[in-house]
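Undergrad: Below are the chains, spelled out letter by letter.
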Amino acid sequence: MSEPKPNEIVRYTPGTRINHWIVAISFVLLALSGLALFHPALFWLTSLFGGGPWTRILHPFIGVVMVCAFALLMVKFWSHNLMHPRDWAWMRQMKDVVENHEEKLPEVGRYNGGQKLLFFTIILCLLALLASGIVIWRVYFSLYFPIEVIRFASLLHAVAAFVLICTIVVHIYAGIWVKGSIRAMTRGTVSYGWAWKHHRLWFREVGKGGQQK
Amino acid sequence: MALQSLDIVRRSATTLPEPQARGAHTGQVAKLIDVTKCIGCKACQVACMEWNDLRDEIGTCTGHYDNPADLSEHSWTLMRFTEYENPKGDLEWLIRKDGCMHCADPGCLKACPSPGAIVQYANGIVDFHEENCIGCGYCITGCPFNVPRISKQDKKAYKCTLCSDRVAVGLEPACVKTCPTGAIVFGDKEDMKQHAAERIEDLKSRGFDKAGLYDPAGVGGTHVMYVLHHADQPMLYADLPENPKISAMVGLWKGVSKPLALFAIAATAFVGFLHYIGIGPNETDEHDEEAARRELEKTS
Chain E
0 MSEPKPNEIV
10 RYTPGTRINH
20 WIVAISFVLL
30 ALSGLALFHP
40 ALFWLTSLFG
50 GGPWTRILHP
60 FIGVVMVCAF
70 ALLMVKFWSH
80 NLMHPRDWAW
90 MRQMKDVVEN
100 HEEKLPEVGR
110 YNGGQKLLFF
120 TIILCLLALL
130 ASGIVIWRVY
140 FSLYFPIEVI
150 RFASLLHAVA
160 AFVLICTIVV
170 HIYAGIWVKG
180 SIRAMTRGTV
190 SYGWAWKHHR
200 LWFREVGKGG
210 QQK
Chain V
0 MALQSLDIVR
10 RSATTLPEPQ
20 ARGAHTGQVA
30 KLIDVTKCIG
40 CKACQVACME
50 WNDLRDEIGT
60 CTGHYDNPAD
70 LSEHSWTLMR
80 FTEYENPKGD
90 LEWLIRKDGC
100 MHCADPGCLK
110 ACPSPGAIVQ
120 YANGIVDFHE
130 ENCIGCGYCI
140 TGCPFNVPRI
150 SKQDKKAYKC
160 TLCSDRVAVG
170 LEPACVKTCP
180 TGAIVFGDKE
190 DMKQHAAERI
200 EDLKSRGFDK
210 AGLYDPAGVG
220 GTHVMYVLHH
230 ADQPMLYADL
240 PENPKISAMV
250 GLWKGVSKPL
260 ALFAIAATAF
270 VGFLHYIGIG
280 PNETDEHDEE
290 AARRELEKTS
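So the sequences go chain by chain: E and V. The first sequence begins at 0 in numbering that gives the first Met the number 0 and counts up one residue at a time. The second sequence begins at 0 in numbering that gives the first Met the number 0 and counts up one residue at a time.
Source of the hints: derived by calculation from the structure; they are not laboratory data. Glycine residues also receive a C-beta, built at the ideal position from the N, C-alpha and C atoms. Relax, there's no trap hidden among the hints.
Cut-off 25 Å, straight-line C-alpha distance, at most; resulting in silico cross-link-like pairs (DSS-like, lysine-lysine):
hint	chain 1	residue 1	chain 2	residue 2
1	V	176	V	41
2	V	297	E	4
3	V	192	V	176
4	V	36	V	176
5	V	203	V	87
6	V	297	E	103
Derived contacts from chain E toward chain V, CB cut-off under 8 Å, selection only:
hint	residue
7	40
8	97
9	99
10	146
11	151
12	157
13	161
14	164
15	190
16	193
17	194
Heads up, incomplete: computed chain E residues facing chain V, CB under 7 Å, no partners named:
hint	residue
18	38
19	39
20	51
21	52
22	150
23	179
24	191
25	192
26	196
Given these sequences and hints, build the entire structure.
TA: If you want it as structure tokens, here you go:
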């Protein structure tokens, strides 16, 4: 790993970045293959996976990869994502957030309230998707469940996937919106100014204690 | 069975209507199974195997007359035997020929995500086109009668075709042709209802005052109907559902949620786009870098 340049702070180590992108790529594959089987207008997306049967075969295995990879991220990020009163105050000022009036907002730690709620939304969705996905995994598991449970799981899987896709659309847009953020996950570093502006408490913590992981 | 001589009126996972100009103007077909005339000989099972070239595994005795024990990708019809002790204390042997009911509103077709894997013909037959089947098993999730089965070998779904290939060329289904007691008859659905009415009248005159026709309205009626001695208790006949309909959960999953969810996802992305155009990105400039440097110098 190359040393960070002056005026740069390491936000994500190579391991974390790789972990994140395994989750991200599997998410994209899952969303495409899942939407292909969700709405007839998108069935053509099955061509990306080698046809309908291959889409049906691959989707649950990719799902297992995503859940396992995310579990590692979850352990790594858990303590940084606990909601504090200042995060709720930040959430209440959503108008200032979307209007880029960051100077009016309470100071933010490593993550802001929105990022933290996103983190827990993803966890809830993945738990629902994992549990319902096992029930509707016809080849191996469906025979162990009564039909009403399978029907409920089919619906739950669709609902949780819908919430997760919308959540990730917001996550991706936040990366495009707040310039200098994507670098944190591709190169691992952010500028001093970025950290000072968006995550001041974290910036001070890192400034005092030197470089953080 | 891709048969051009049978017009398709509904196709799974297809949002636009099928060609409608031609239709079954002479009426839709139906198979009527008179449970009161059935002797349980299983000739229908044999005829089904023979016509459709199906050979199920030879199973083991499970202690009752059902053989094989359940429907499978190789057994599209099956006699289900029930010993029922009626209120008078007499034993009745209720034998129901199980298989696809060919619903007018088929739950399998509604649930199927693969375009054209399940079709409904103008004459009412619901048919699986295995070459389009992806093996997800949603048809099983959607079926109110627990009929489709996924093959363990090829992972495709199979069920009774109502011998769509025979019906297309003016023949009756194989099970109908072979039935030695005339318990299974086939023809125009209205004619079959009329025939059933005569049978029910006869049964009532012989003490079965609850005799009736099983043509459940919850699935829009079926193209396989039963004459039952105890039409008030269909559950007696190996759990024939009393009021089958497509589950509300399947209806929601495969109904409004599909277009609404896609719209909402697209709308979320579009709102993001509008935000970028209207308010713009949140950028870090030289002032922020400067402020950050000053703050670091202060603390160190």
